[in-house]
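Given next are the chains, with one letter for each unit.
2 protein chains.
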Amino acid sequence: MESKLQVYNSLSGKKEKFKAINAPNVGMYVCGPTVYSEVHLGNCRTFISFDMIFRYLTFIGYKVRYVRNITDAGHLENDADEGEDKISKKARLTELEPMEIVQKYTLDFHHVLALFNNLPPSIEPTATGHIVEQIGLTEQILKDGLAYESNGSVYFDVAAYNKKFEGAYGELSGRKVEDLLSNTRTLEGQSEKRDPADFALWKKASPMHIMRWKSPWSDGFPGWHLECSVMSSKYLGDQFDIHGGGMDLKFPHHECEIAQNKARDGKKPVNYWLHTNMLTLNGQRMSKSTGNTLLPGELFTGDNDKLSKSFTPMVVRFFMLQAHYRSSLDFSSDALEAAEKGFNKLMEALVVLESIEPSKATIGMDLNSWILKLHGAMDDDFNTPILIANLFEGVKFINGIKYGDFTITASDLKLMKSTLDGLVFQVLGLKHEGENSKSGNDEMVNDLMQIILDSRLRARQTKDFASADRIRDLLSDLNITVKDGKMGAEWEVN
Amino acid sequence: MESKLQVYNSLSGKKEKFKAINAPNVGMYVCGPTVYSEVHLGNCRTFISFDMIFRYLTFIGYKVRYVRNITDAGHLENDADEGEDKISKKARLTELEPMEIVQKYTLDFHHVLALFNNLPPSIEPTATGHIVEQIGLTEQILKDGLAYESNGSVYFDVAAYNKKFEGAYGELSGRKVEDLLSNTRTLEGQSEKRDPADFALWKKASPMHIMRWKSPWSDGFPGWHLECSVMSSKYLGDQFDIHGGGMDLKFPHHECEIAQNKARDGKKPVNYWLHTNMLTLNGQRMSKSTGNTLLPGELFTGDNDKLSKSFTPMVVRFFMLQAHYRSSLDFSSDALEAAEKGFNKLMEALVVLESIEPSKATIGMDLNSWILKLHGAMDDDFNTPILIANLFEGVKFINGIKYGDFTITASDLKLMKSTLDGLVFQVLGLKHEGENSKSGNDEMVNDLMQIILDSRLRARQTKDFASADRIRDLLSDLNITVKDGKMGAEWEVN
Chain A
1 MESKLQVYNS LSGKKEKFKA INAPNVGMYV CGPTVYSEVH LGNCRTFISF
51 DMIFRYLTFI GYKVRYVRNI TDAGHLENDA DEGEDKISKK ARLTELEPME
101 IVQKYTLDFH HVLALFNNLP PSIEPTATGH IVEQIGLTEQ ILKDGLAYES
151 NGSVYFDVAA YNKKFEGAYG ELSGRKVEDL LSNTRTLEGQ SEKRDPADFA
201 LWKKASPMHI MRWKSPWSDG FPGWHLECSV MSSKYLGDQF DIHGGGMDLK
251 FPHHECEIAQ NKARDGKKPV NYWLHTNMLT LNGQRMSKST GNTLLPGELF
301 TGDNDKLSKS FTPMVVRFFM LQAHYRSSLD FSSDALEAAE KGFNKLMEAL
351 VVLESIEPSK ATIGMDLNSW ILKLHGAMDD DFNTPILIAN LFEGVKFING
401 IKYGDFTITA SDLKLMKSTL DGLVFQVLGL KHEGENSKSG NDEMVNDLMQ
451 IILDSRLRAR QTKDFASADR IRDLLSDLNI TVKDGKMGAE WEVN
Chain B
1 MESKLQVYNS LSGKKEKFKA INAPNVGMYV CGPTVYSEVH LGNCRTFISF
51 DMIFRYLTFI GYKVRYVRNI TDAGHLENDA DEGEDKISKK ARLTELEPME
101 IVQKYTLDFH HVLALFNNLP PSIEPTATGH IVEQIGLTEQ ILKDGLAYES
151 NGSVYFDVAA YNKKFEGAYG ELSGRKVEDL LSNTRTLEGQ SEKRDPADFA
201 LWKKASPMHI MRWKSPWSDG FPGWHLECSV MSSKYLGDQF DIHGGGMDLK
251 FPHHECEIAQ NKARDGKKPV NYWLHTNMLT LNGQRMSKST GNTLLPGELF
301 TGDNDKLSKS FTPMVVRFFM LQAHYRSSLD FSSDALEAAE KGFNKLMEAL
351 VVLESIEPSK ATIGMDLNSW ILKLHGAMDD DFNTPILIAN LFEGVKFING
401 IKYGDFTITA SDLKLMKSTL DGLVFQVLGL KHEGENSKSG NDEMVNDLMQ
451 IILDSRLRAR QTKDFASADR IRDLLSDLNI TVKDGKMGAE WEVN
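If you read the protein sequences in the order shown, they are chains A and B.
If you count by my numbering, then the first sequence holds residues 1 to 494, one letter each, in order.
If you count by my numbering, then the second sequence holds residues 1 to 494, one letter each, in order.
So here's chain A without its partners, still in its complex pose (with noise of 0.2 Å):
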């Protein structure tokens, strides 16, 4: 199958035309949470974004696999290798088993991405479940030469790696081995290693350690960048279409996957790198330690000084998709407060087109080129802040039909309401919350109203206005209002 997507290739630098090597089927591996503590927003931001993209994938009549890891082991408090299990060591401050911690905060995560409408991964490896092909895979690299061991740990090594592929570690992230050498103060500890920009594949465990594994070399834990390697071919083969991550990830995690790879068969293991940018929060970097920092959950309440009210998950996720995933994104209350009144304004645009009459003619848009517009925006590498602009051009004119101003023909309009319910619920994953629209799943709510708005009526046609004022006034109590139109009256909650 032939599509008219382009996506920028973290590899290249570069926007590429997209060819799936198997169409339609579309292999997508995206490296998931290390679930130590409750997820970040940032991370929301990713895996939101990727959620946009599996779905856009598919939308467009891919079959996508889309393999997302949880990693329950190996990933040490610093890029360098050294310094503890971000997991164990939760364990061990919190007095529980570090499974219980991987199960505490793999809860919350789904949780999350459900509440953001995220839809699951088609599989979700963990690194737990793959020690065996970790193992497989650092004893491979071993025989070959590119790795070496030392004290009961391996190392990968680089230098070995640069000579036999020449010079390709480096070639995700730009960086020069020359560079890293010289920058990489030497640690006590990392004397194990040839090199400093070696890494480990095999680290074994000191006595204290209780995530550990047997292994030819010692009992220990596999290397934080090997899971995503043999996660990624095992459910997607030695070659496949997208990885995706946080930019964060490029250097090491996603430079050393592709050494990983390249050394176990000398092939390129993914055609297209994805890379998401960084959230900040009021123009500064998000960080616990300066306190500037939100939780998902402290959104939805509004429980954070930062934030002037709390804001449903659908406004979180629309204003998230109104910048594309490439660029940097600011959080901010008053940002978030415009959000919520452009996701309410395209929200009631689609209820309002529910009770739209066909006419005979269309006045006021030209359909087919506002569409072709729409699909071109998210074929230009998934631009959903221009997909989100012209959304708004629909809703003008949904607008200007329910005032009289423009019309639209049956044929149109269907077309137009596929069209929507394909890139607002389908695409861009966006769906109505109870808090902001009236047409929300609660019918019980609509139909007690009309009950309400027909004793209103029946007492101004009996010239009962105290009774029909008294409806308003209760009406008002719940932030009810009412608006008479030509239609009937309408309702909605403020």
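Every clue listed holds true.
As the list makes no split between identical chains, a pair holds if one copy fits it or if it spans any two.
Calculated lysine-lysine pairs in the DSBU-like style (CA-CA distance at most 30 Å, straight line):
| no. | residue 1 | residue 2 |
| --- | --- | --- |
| 1 | K4 | K414 |
| 2 | K204 | K214 |
| 3 | K63 | K89 |
| 4 | K104 | K19 |
| 5 | K63 | K90 |
Hints in this document: simulated from the structure, not taken from any laboratory.
For this one, chain A is given, so just place chain B on it according to the hints.
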């Protein structure tokens, strides 16, 4: 700590005083599902039962580490170690990767259990996440001479085990090895076993078998029984308190688990074995082949010709808990309808309780002896049917207060509220549901109903009976009935 809890131990065949090895900590392991199809209702009953047990142990002060596994490899189609892996087979039939099957049905399982208001376990380990440990235990049992290799597979040697441990095999199920021998036909392919009673620790994979791992004996996969032996002891220790599962797992699965663990270290692995009984449907065994089946989703939608209507998850949970976990339970539409009435009655009484005004004396009930009976029921092997029967004494008392026949003091009211809150919500795990009670979380519906009842009252007061009747009729269309009582109009959804 000391508790009055007695539990029926399948190992001894009688009720025993419960004594935790390392109180207040309790280790509990429950065999989870093999994730190759939608979870069936019998499994739901097992997991709801152990959820109640987990909740009660926690309620009386134990700190429970509750481990429930996911079987994502190694479970073959029949118990004689032959046939295809259940997950591989489903993957082949649906043209998916086995781990896509695992993901789909793990999500389904979690979703259904959440609807039933089950709490997640503390750890949810997978078979594929413990291949290294399973190979390790197999090596050890081989080394000790209680297993043998045969054509790349490794079998547990029941005769050798029985010799070493003086006929221990069968201690849980009561089966005798001699009977097993004479009753088991030798199937083709079983010739690898020295004895039909032996069971697989490791199976060599056929060339077509996708799910395979390297081992010292072959590329293959672990035997089904092995995973629970290694995962329970990894997270709960070599000896732990409670092991649970459906009674169909008693033999061979649990019998083999005990044998494997004893072969490892000679210790009795589990102090209390708890088994849940079976579900039938209209008096007959549930079976896909005869069509006598019912899925959880069909209960919730009513979409099965064996049901007169749909039932909410809480009604089904209540229905299940009205039987003792060790009794068999027959599902039928009539029995569910009866349970629904009981559940609604209980929940309505809890709503009434919230609005009761205290008096100077408690008249109509001996609260302390009632509370003793409630706890006594639970301490008697988690006897939820007796607990529920006693709860209805409380319901009678509450309704008596409502109608002015009985009274209650402020401190007794407080005690009654906390008792019911603890046992109904925390221990039985029931909760209010929108459909079952107007006290559900839909505040808006309540508020709108107040406006409607207010309009109706005003219409009556001004002798506008036509409007009052119209409101009654419109509400009736929504299945809402209004009853005029001493305390004003009350409404309910039928």
